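**Student:** Here are the chains, one letter per residue:
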Amino acid sequence: MDEQTLLDKVTALDSAVEKSRVTANRPAVDVTAEALVGFMETLKNTPDLDFNMLCSHTAVDWIKDEQFQLVYQLYSLVHAHHLQVSVFLPRDNPVVPTVSGIWRIAEWQEREVYDLFGILYDGHPDLRRLFLEDDWEGFPLRKDYKDDFMLDETKK
Amino acid sequence: MSVTITTLADRTRAPETADSTLATQEYFINMGPQHPSTHGVLRIVLKLDGETIREVIPVLGYVHRGIEKIGEHETYRQFIHLSDRMDYLSALMNNWVVSRTVEMAAGIELNDRIETIRTIVAELQRIQSHLLWWGVFGMDLGAFTPFMYGFRDREFATDILEETIGSRLTMNYIQPGGLAKDIHPDFVSRVKDYLRYLKPKIAEYDGLISGNVIVQERVRDIGPMTVEDAVSLGATGPVLRACGMPYDLRKVEPYGVYDKVDFSVAVGHTGDSWDRYWVRVEEIRQSIHIIEQLLDNIPEGKHMTLKPTAKIKVPEGQYYSQMETARGVIGVFLVSDGKPDIPYRIHVRTPNFNNLWCATRIAPGFRVADLVAIVSTLDLVIPDIDR
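Residue numbers (this note's numbering), protein chains in the order written: chain F, 1 to 156; chain C, 1 to 387.
Bear in mind the hints are in silico, worked out from the structure with no lab data behind them.
Being a predicted model, the structure only gives us computed values, none of them experimental.
All C-beta atoms in this analysis are idealised placements derived from N, C-alpha and C, irrespective of residue type, glycine included.
Keep in mind that a hint or two might mislead.
Claimed, not checked - Reference listing, derived: stretches of chain F covered by chain C, where coverage requires no fewer than 3 residues with Cβ under 8 angstroms from a Cβ of chain C:
(1) 9–16
(2) 19–28
(3) 41–50
(4) 54–60
(5) 68–80
(6) 119–129
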């Protein structure tokens with residue numbers, strides 16, 4: 001399946017899915033937070049899509065737009081195709097349903113994103129800090145994060 | 001909508017009462033972060049019933065340096081230094097994947113000489129990394145001799161790389177646009193000598209460890225994993241291939257000159273510790289085979305196509321690319337807002353971070369001593385997990 005066919009097929013699955021607003025070097029779609037889990041389940045369970053691997057999950061802090069972008073990099077070991085799925089969340093209430101019921105690795109990738117960005121995953125089995133201590137304040141990968149250990153104030 | 005945040009203390013609260021006076025009580029115990037067989041500072045909290053493992057809870061962050069945060073303030077070339085310090089045993093491959101993402105995004109052209117040398121040094125490092133793993137694996141199981149053998153033979157590869165690159169661990173050699181320096185005039189002949197030396201040594205390893213009855217007893221049927229579990233847990237590299245899935249990016253999405261060389265992908269059957277062991281030993285042989293095909297045909301050309309002072313302009317957008325290191329798939333996700341030289345956000349999907357969680361799935365039911373074999377054959381490098 002070439003990239004355009006894949007993109008057409010995926011966007012036709014759900015009305016909440018559209019071609020991504022960001023420019024990416026792989027086929028990319030955006031989906032709303034409400035439709036995320038149902039859409040991901042379809043992606044994994046449809047035989048000719050079969051996205052059985054969640055390669056990577058992370059977030060980007062678009063502080064100027066007051067938004068977080070959640071990025072899921074999917075891959076199919078069967079068909080060898082990729083898909084980048086993005087979810088945009090408001091910065092003041094970043095809550096999204098967990099996909100750890102679909103790919104088990106999501107449990108820890110989501111914990112990392114919670115730890116560094118403060119994204120809250122609804123329904124996560126064990127949401128807690130991953131790299132930092134449990135009582136750490138703030139979320140370091142947010143663009144407005146500051147703490148006493150940072151050396152160069154001017155660069156931020 | 002309410003989302004509950006838990007803490008480690010919540011997770012490791014001991015049951016308040018034992019079930020009966022005869023039943024043994026389950027309890028929690030720390031393995032690491034200073035345990036010798038956890039290869040650095042991995043801390044694992046074990047829920048034990050006697051000596052049987054009930055639950056494995058990895059606790060991370062002891063070498064978390066915030067590499068992704070630092071990356072937002074560094075130029076692309078400076079980030080190469082940081083990539084060395086993630087999986088230090090795959091430093092060249094980490095350099096390469098960052099360089100490749102930047103080159104792809106900025107449209108930087110390369111020549112055949114650069115691609116060939118990159119492939120050779122990456123395979124040399126794969127050999128060197130697997131040799132170190134082989135030695136440490138022996139030591140984890142209680143045999144000191146393999147450690148000396150592995151380090152002895154790894155030393156020659158490190159010397160060869162040092163002669164060209166100038167450093168032995170954090171290489172910083174592969175850079176956007178090419179290589180930091182051209183190869184040393186003696187490089188080709190020395191690598192040939194080394195491979196001639198190494199081949200019989202691999203057979204010696206088989207006599208010492210692979211065919212050893214005690215080792216077989218310690219690793220066979222310990223921590224088996226199905227392909228479905230491995231894929232769902234995001235396992236890649238030798239860990240996934242040991243389960244029987246021939247997924248190797250060098251074959252599936254060839255980069256460098258891997259599409260021009262002949263090699264086969266080693267796969268296992270049951271995904272137990274023995275298969276993970278055997279896949280890696282087989283990969284050493286395949287890497288030797290790859291290097292042999294390339295050594296006599298290094299094309300002429302420049303070693304750098306970009307002026308080292310030139311600013312790298314990456315157009316606004318998001319870029320993701322992957323590569324196969326000695327431990328699995330490393331992926332770099334790069335977000336540029338159009339500003340020259342500095343990324344808006346850079347995220348690295350590291351193989352060890354994803355492979356580690358396999359232990360939580362496969363270790364329960366086995367003994368503590370088996371966990372040592374399992375963690376050892378997952379071949380974890382902790383700075384790569386913590387970043």
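**Student:** Are there three or more residues in the region 19–28 of chain F whose C-beta lies closer than 8 angstroms to some C-beta of chain C?
**Tutor:** It holds, with 6 qualifying residues against the three required.
**Student:** Under 8 angstroms between beta-carbons, do enough residues of the region 41–50 of chain F, three at least, approach chain C for the coverage claim to hold?
**Tutor:** Coverage by chain C is violated for the region 41–50 of chain F (0 residues, Cβ < 8 angstroms).
**Student:** For the region 68–80 of chain F, does the count of residues with a C-beta closer than 8 angstroms to a C-beta of chain C reach 3?
**Tutor:** holds (count 4)
**Student:** Cut-off 8 angstroms, C-beta pairs, minimum 3 residues; does the coverage of the region 54–60 of chain F by chain C stand?
**Tutor:** Check passed, 5 qualifying residues.
**Student:** Quick check: do three or more residues in the region 9–16 of chain F have a beta carbon closer than 8 angstroms to a beta carbon of chain C?
**Tutor:** violated (count 0)
**Student:** Checking C-beta pairs, does the region 119–129 of chain F have three or more residues closer than 8 angstroms to chain C?
**Tutor:** Check passed, 8 qualifying residues.
In this structure, the earlier hints numbered 1 and 3 are contradicted, and the remaining ones agree with it.
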